[in-house]
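Asker: Sequence:
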Amino acid sequence: FLSSDPSAIVEHTKKVMYLEDDDIAHIHEGSLNIHRLKKADGSSNVRTIQTLELELQEIMKGKFDHFMQKEIFEQPESVVNTMRGRLDVANKTVTLGGLRSYISTIRRCRRIIFIACGTSYHSCMAVRGIFEELAEIPIAVELASDFLDRQAPVFRDDTCVFVSQSGETADSLMALRYCLERGALTVGIVNVVGSSISLLTHCGVHVNAGPEIGVASTKAYTSQFIAMVMFALSLSEDRASKQKRREEIIEGLSHISDQIKDILTQDQAIKELCAKTFKNQKSLLLLGRGSQFSTALEGALKIKEISYLHCEAVMSGELKHGVLALVDENLPIIMILTRDEIFTKSLNAYQQVVARSGKPIVICNPNDEEFSASQAQKIEIPKTVDALQGILNVIPLQLIAYWLAVGEGLNVDFPRNLAKSVTVE
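Following full-length UniProt numbering, the numbering of the sequence shown begins with 1 at its first residue and continues without gaps.
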């Protein structure tokens with residue numbers, strides 16, 4: 001069997017061999033020979049056979065209609081798996097074994113550059129603020145393709161963090177090699193053990209979300225988010241001034257699984273909302289501000305990916321700079337308006353939309369009286385610490401994307417023109 005992802009062949013065999021760059025596998029009459037395209041000094045063409053720890057039931061749908069639906073509903077467990085053995089709530093500590101030897105070097109670095117594509121890029125955007133706050137290190141977030149196109153400067157005292165579900169994303173791998181050539185410290189945050197990014201980086205974190213089969217990433221996003229928050233908590237462990245904030249976030253992480261379960265009970269209500277509000281629509285706006293802009297970007301991507309409905313994520317602060325011209329009583333608009341330090345600014349965008357006869361769907365905290373039933377439809381989301389609110393806010397957007405696609409009779413798990421592991425540029 002030949003595959004770019006081990007989950008594709010686990011029902012046939014658990015014995016796998018990973019090829020390295022420049023390997024050529026020659027299969028003839030039942031025998032396999034490995035040849036090297038480039039013969040480097042000391043390089044071997046012997047590859048070990050490894051046993052997958054993947055179980056077949058992990059990649060079966062079970063009681064669900066689609067893999068994506070199953071993976072959305074697995075998130076209460078997958079976020080716990082990401083934290084298991086790492087987060088000690090009682091002692092308010094975080095231990096990331098894969099980073100232990102390098103954490104002091106990262107604390108002294110010139111800047112941290114997050115490099116990713118697609119959903120992984122959005123998870124990096126989501127945690128940028130908390131990294132800046134806790135680590136007090138300059139943070140850059142880059143799309144791997146754009147980073148390569150610009151040949152962006154990278155220095156030896158930079159730390160470059162590569163985030164990928166599969167660990168095989170072509171653009172991210174090319175950016176990784178680019179950074180290695182320039183002597184930067186590299187960190188991998190991946191979901192697949194033994195993937196190229198995990199092997200090539202100096203250190204890293206396995207997000208432990210479990211196999212993700214649906215092309216549209218759901219549980220990997222929330223697990224990446226949590227893994228990177230724990231990374232930020234580790235970096236700030238030696239800062240006395242940040243201890244209260246760290247404890248607040250760790251306490252929030254301890255409740256996140258139960259809060260996701262609470263949101264998932266609204267599944268049928270969201271299904272009905274989709275059928276009523278989005279039928280025959282051609283376009284949709286999704287508004288967020290601050291860290292919730294990354295949530296809007298991720299929600300818009302999910303909706304585009306699987307329902308084929310055009311959806312644009314807009315920073316609420318940019319509404320008056322052109323986008324407001326689109327708003328009328330017919331345009332469906334989703335606004336992320338959970339309470340945080342910039343809530344009053346976000347509320348201004350809501351008032352602008354309502355003043356122009358818009359009838360937005362509002363993602364807000366429970367019993368928020370700011371939004372009347374006559375002006376908006378509400379999806380109520382439990383309140384958590386602001387740094388983690390994006391984990392909860394993305395769940396209803398995943399469900400909206402899912403039910404929009406199901407309503408159109410589309411192939412939810414394998415949308416047209418897309419692949420799960422993007423192994424080419």
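Among the clues, some could well be false.
Unchecked claim - Calculated pairs, SDA-like style, for lysine to any residue (alpha carbon to alpha carbon, straight line, at most 25 Å):
{"no.": "1", "residue 1": "304", "residue 2": "194"}
{"no.": "2", "residue 1": "383", "residue 2": "245"}
{"no.": "3", "residue 1": "359", "residue 2": "273"}
Calculated from the structure, these hints are not laboratory results.
Asker: Look at each hint and say if it fits the structure.
Answerer: Going down the list of hints, with the structure as the test:
With a C-alpha separation of about 31 Å, the suggested pairing of residue 304 with residue 194 is violated against the 25 Å cut-off. For the hint pairing residue 383 with residue 245, the CA-to-CA distance comes to about 16 Å; that is within 25 Å, so the pair holds. A hinted pair counts as satisfied when its Cα atoms are at most 25 Å apart, and residue 359 with residue 273 qualifies at roughly 13 Å.
Violation of the numbered hints given earlier is confined to hint 1; every other hint is satisfied by the structure.
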